[in-house]
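Enquirer: Generate the whole structure from the sequences, applying the supplied hints.
Here are the chains, one letter per residue:
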Amino acid sequence: SQKIEQNSEALNIQEGKTATLTCNYTNYSPAYLQWYRQDPGRGPVFLLLIRENEKEKRKERLKVTFDTTLKQSLFHITASQPADSATYLCALYTGTASKLTFGTGTRLQVTL
Amino acid sequence: GAGVSQTPSNKVTEKGKYVELRCDPISGHTALYWYRQSLGQGPEFLIYFQGTGAADDSGLPNDRFFAVRPEGSVSTLKIQRTERGDSAVYLCASSGGDTYNEQFFGPGTRLTVL
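Protein sequences, first through last, are from chains Z and A.
Just so we're aligned, residue 1 is where the first sequence starts under our numbering, counting upward by one.
Just so we're aligned, residue 1 is where the second sequence starts under our numbering, counting upward by one.
Check each hint, because a few of them may be wrong.
Not everything, but these chain A residues come out facing chain Z in the computed CB check (under 8 Å) [said to hold, decoys possible]:
hint : residue
1    : G40
2    : Q41
3    : F45
4    : G72
Covered stretches of chain Z (in silico footprint by chain A; criterion: 3 or more residues with CB under 8 Å from a CB of chain A, positions within the stretch not fixed) [what the hints assert, rightly or not]:
hint : segment
5    : 13-24
6    : 99-112
The set of hints was computed from the structure by calculation and includes no laboratory data.
Backbone N, C-alpha and C define an ideal beta-carbon position, used for all residues, glycine too.
Expert: Okay, here's the thing in structure tokens:
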């Protein structure tokens, strides 16, 4: 069956460290992968999109990698801050361009 | 407004009742999506509109769920004969015309079926 897996356990890290979140997928061949941030009681907010022919994408303190052989994307936040605390969702365009399928999300908690 | 808006923000109803949830997308966005999110889960795709037509409704769970977008802007998600299992946050998103674009989400409507 098709699955998108993100670590369901919360990730707790200290301010200033690099947070690394993992997204693994099975039985998909996505051309595009996106990462979103979601705060409690709010809708998801788009962060980054990476294409299958791109190995890495950066935006300010964020970095995303996409390994289509391993079927995995890694999401890094460098120099993390308490304001980065949120749930981070990976999402794939699966099948048609219309259908964005989300993982369950990983909650990140950055402490002082 | 500048972003996607959804009304109401909260809706409590009784089992068996009919509800309508409204989404007002970003002006000019031709694509509109509805998702459902349960606690601890990611958003689950329900339906996608391109303009006025439902281009993909494969995520609607059954025929109690229906959505319209008559003028290619505001959309309404309609749920008939609500069941307790329909309780969730219903999210709406819109995007510009290009395929695979980022989606802009509204704050959601929290539906509780008693």
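Enquirer: Hint by hint, note whether the structure agrees.
Expert: For each hint, the structure was consulted:
1. Given the 8 Å rule on beta carbons, the hint for G40 of chain A holds: about 7 Å separates it from the nearest Cβ of chain Z.
2. Interface hint status for Q41 of chain A: upheld, as the beta-carbon distance to the closest one in chain Z is roughly 6 Å, under 8 Å.
3. Taking 8 Å as the C-beta contact cut-off toward chain Z, the hint placing F45 of chain A at the interface holds, the least distance being around 5 Å.
4. The beta carbon of G72 of chain A is not positioned within 8 Å of any beta carbon in chain Z (closest approach about 16 Å), and the interface hint is therefore violated.
5. Against chain A, the segment 13-24 of chain Z contributes 0 residues with a C-beta closer than 8 Å to a partner C-beta. That does not satisfy the three-residue criterion, and the hint is violated.
6. Chain A is given as covering the segment 99-112 of chain Z, and this holds because 7 residues of the stretch bring a CB closer than 8 Å to a CB of that chain, at least three being needed.
In summary, the structure is inconsistent with hints 4, 5 from the numbered list given earlier, while agreeing with the others.
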